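These protein sequence lines map, in sequence, to chains A and B. Under the working numbering, think of the first position of the first sequence as -13, with each following residue one higher. Under the working numbering, think of the first position of the second sequence as -9, with each following residue one higher.
Keep in mind the hints are simulated off the structure, nothing from the lab. Certain hints may be false.
Quick list of in silico lysine-lysine cross-link-like pairs, BS3-like style, CA-CA up to 27 angstroms [unchecked claim]:
| # | chain 1 | residue 1 | chain 2 | residue 2 |
| --- | --- | --- | --- | --- |
| 1 | A | Lys180 | B | Lys37 |
| 2 | B | Lys360 | A | Lys56 |
| 3 | B | Lys146 | B | Lys234 |
Which stretches of chain B does chain A cover? Using the computed rule of at least three CB atoms under 8 angstroms from a CB of chain A, they are [claimed, not checked]:
| # | segment |
| --- | --- |
| 4 | 12 to 18 |
| 5 | 23 to 32 |
| 6 | 95 to 105 |
| 7 | 226 to 232 |
| 8 | 326 to 338 |
| 9 | 361 to 375 |
This one's a predicted model, so the numbers in the text were calculated from it and none came from an experiment. Where a beta carbon is used, it is the ideal one built from N, C-alpha and C, also for glycine.
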Amino acid sequence: MNELQFLTWVRGPGLNLAISIFLLGVFVRLFEIYSLGRKKDLSEPRNVGGASGMNTVFRRSLPAEGMLKKSPISYIGGYIFHIGLAIIVFLFVPHIKFFQGLLGISWPGLPSQLVEFVTIVTIVTMLVILLDRITNPVKRYLSTFQDWFTWALTFLPVLTGWLAVRHLLLPYTTMLAVHILMVELLLVFLPFTKLFHAFTVFGSRWFNGTVNGHKGVAV
Amino acid sequence: MSASLEKGVRVLKEVIDAPIASYFSSCVHCGLCAEACLFYTETGDPKYTPIHKLEPMRRLYEQEYTVLGRLKKLIGLSKAVTDAELGEWRELVYNSCTLCGRCSVVCPVGNDIVYMVRKFREGMSASGNAPEGIKGAANRTITIGSPMGVKLPAVKAQMRHVEADYGLPIPMDVEGAEYLVMLSSMEIMNFPEYLGAIAKIMNQAGKSWTLCSTAFEATNAGMQIGNSDLARVIVSRIVEAAEKLKVKTVISPECGHAYTALRWEGANLMGRSFGFKVRHIIEVLGEFQEQGLLKTEGFETDRLTFHDPCQLARRGGVIKQQRGLMNMVAKNFVEMPDAGYMNWCCGGGGGASAIEEGEELRMEAFKKKKSQFDAVKPDRVVTACANCRIVMEEGLEHYKMNLPVVGLTEMIADHIPNPVVAKPEGS
Chain A
-13 MNELQFLTWV RGPGLNLAIS IFLLGVFVRL FEIYSLGRKK DLSEPRNVGG
37 ASGMNTVFRR SLPAEGMLKK SPISYIGGYI FHIGLAIIVF LFVPHIKFFQ
87 GLLGISWPGL PSQLVEFVTI VTIVTMLVIL LDRITNPVKR YLSTFQDWFT
137 WALTFLPVLT GWLAVRHLLL PYTTMLAVHI LMVELLLVFL PFTKLFHAFT
187 VFGSRWFNGT VNGHKGVAV
Chain B
-9 MSASLEKGVR VLKEVIDAPI ASYFSSCVHC GLCAEACLFY TETGDPKYTP
41 IHKLEPMRRL YEQEYTVLGR LKKLIGLSKA VTDAELGEWR ELVYNSCTLC
91 GRCSVVCPVG NDIVYMVRKF REGMSASGNA PEGIKGAANR TITIGSPMGV
141 KLPAVKAQMR HVEADYGLPI PMDVEGAEYL VMLSSMEIMN FPEYLGAIAK
191 IMNQAGKSWT LCSTAFEATN AGMQIGNSDL ARVIVSRIVE AAEKLKVKTV
241 ISPECGHAYT ALRWEGANLM GRSFGFKVRH IIEVLGEFQE QGLLKTEGFE
291 TDRLTFHDPC QLARRGGVIK QQRGLMNMVA KNFVEMPDAG YMNWCCGGGG
341 GASAIEEGEE LRMEAFKKKK SQFDAVKPDR VVTACANCRI VMEEGLEHYK
391 MNLPVVGLTE MIADHIPNPV VAKPEGS
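Construct the complete structure from the given sequences, taking the supplied hints into account.
Have a look at this one:
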């Protein structure tokens, strides 16, 4: 398989396969989680403003009182790389073109230089976060193969994308194909690893907010 | 697999619900929950990271309720939960967790970790892995009627003492009273001032109240151990008493877990909602204050601070009332850092104070409480939970700190003018 055939494969059958596994995986995972249901709370509710599932879905995006100081790397690093990823994925013009081809809808993007700057910041932040996972005793203690693996799954698409744009390391066509393959691996594994928090985070916050909101506690 | 492990696994499978599945699927191993847990912050040992305390339950969830996990189990790629492992986890699930719920309010993905620990305890208890200390307390509550072995004659003796000291009647088994007042053994044995305080407060407010001879103990070790069957038996005594006496409201004493057991778990344990209300004594005092039924005289002038019991504040939503009450009787009330919603646990909640072998760790964790005290240097600490009170007294003693701990209800009652007792004619 030469580089052109490789690119053709990742753009065609490879992409279709990855998207199919991703969609099926997301569906199965969401079903197996939320179909478990929960018992109705029979205790008398105490209704208080601000204490509900929806409130917690939003409020939990901010650090709890006093927590930012305890782990600034987790919070600030977390914000930077999540927002960075969102900008790169959804506001880089070639990506928008890709979505347009796939979904038929399009939206305005950001100048390439700005996206490149965001990319570099994201790459550096992700490296800092990796270093933090290695050196922080709690993070290191909790870490399993999955934690390192999912870090790589998230990092490699960003890195290879940047290398492709910059024509570094490998010929452009090959690097682009590698980039797309990395994205496909991310899609395939996302539903079955901790990366699935991208979906369940909303349900988890909502449950926590609802269970505690029933008691009149705005968590 | 041993029979007890089989039972534990069956119970765990039953308690795993959509929230737990969602929580386990959301955890990104960020470790922030460790920073919220006093057992981690004071020891620096990462094994006390709250989410780690649930590891056996997480694996069981994965193996039983996810397609991939079942596949891994089928081809022998996953590690089964063992007796030895659950035994090892006893310290993490009981000794080093007071169900304070700080982890649940800091988790960025929103995991209610303490909700899961409470459920995990069901499996631990069913598999015979609960600590002897809490087991004993639960068994005494079932057989004798209270975790400290207090029986009705002891309550009656205290009633007579209090009646003599305060000149007020202590009603028992009065049908149609508005309030059914519950006690904790700790109050019967160590803090009888509580009963006197209730008599004074109710007398001033002009409210009818009663104790009940078949249900005076409010604490629920069954809930702490994680045995819903025992918890149900204990709570049902109170429910039956409240219904028999046709009271409007059952008052939980100054005890955090008694409040949670009655107010939030009670109806769910019974499988039906109650026809009466459940309120913590601090909520009732707050209502009286709001309605102008609480009239106090004079002020405490020394430097006071308030320790929020976790189950009352963070887990129970009662945060403002105690502050209104403190300001009613204290001129010099100072708040500790993190007071209120984010307050640090005394270190002995959730049954932990009943675990003898957990004492050393408890004292280590108490350094957190000590640092809060050191920050504001109070002359006395006020709280609203007899268990917090005993645990803090032990901790203060251990660290040789001379800091008296008092209950808020009795402090309020101290500022209520003594009733004019009508003397019998001719005397």
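Against the structure, the hints come out as follows:
1. A C-alpha spacing of about 20 angstroms is found between Lys180(A) and Lys37(B), which places the hinted pair at or below 27 angstroms, so the restraint holds.
2. Of the pairs offered as hints, the one joining Lys360(B) and Lys56(A) holds, with about 19 angstroms between alpha carbons and a cut-off of 27 angstroms not exceeded.
3. Restraint check for Lys146(B) and Lys234(B): the C-alpha separation of about 20 angstroms stays at or below 27 angstroms, so the hint holds.
4. With 6 residues bearing a CB less than 8 angstroms from a CB of chain A, the segment 12 to 18 of chain B meets the requirement of three and the coverage assertion stands.
5. A stretch counts as covered by a chain when three or more of its residues have a beta carbon under 8 angstroms from one of that chain; for the segment 23 to 32 of chain B and chain A the count is 4, and the coverage holds.
6. Only when three residues or more bring their CB closer than 8 angstroms to a CB of chain A does the claim for the segment 95 to 105 of chain B stand; here the count is 9, and the claim holds.
7. Figure legend: the segment 226 to 232 of chain B, annotated as covered by chain A; annotation inconsistent (0 residues with Cβ-Cβ distances under 8 angstroms, at least 3 required).
8. Using a Cβ-Cβ cut-off of 8 angstroms, 3 residues of the segment 326 to 338 of chain B lie near chain A, which meets the minimum of three, so the contact claim holds.
9. Here the segment 361 to 375 of chain B counts 0 residues with a CB under 8 angstroms from a CB of chain A, which misses the bar of 3, and the coverage is violated.
When held up to the earlier numbered hints, the structure conflicts with 7 and 9 and fits the remainder.
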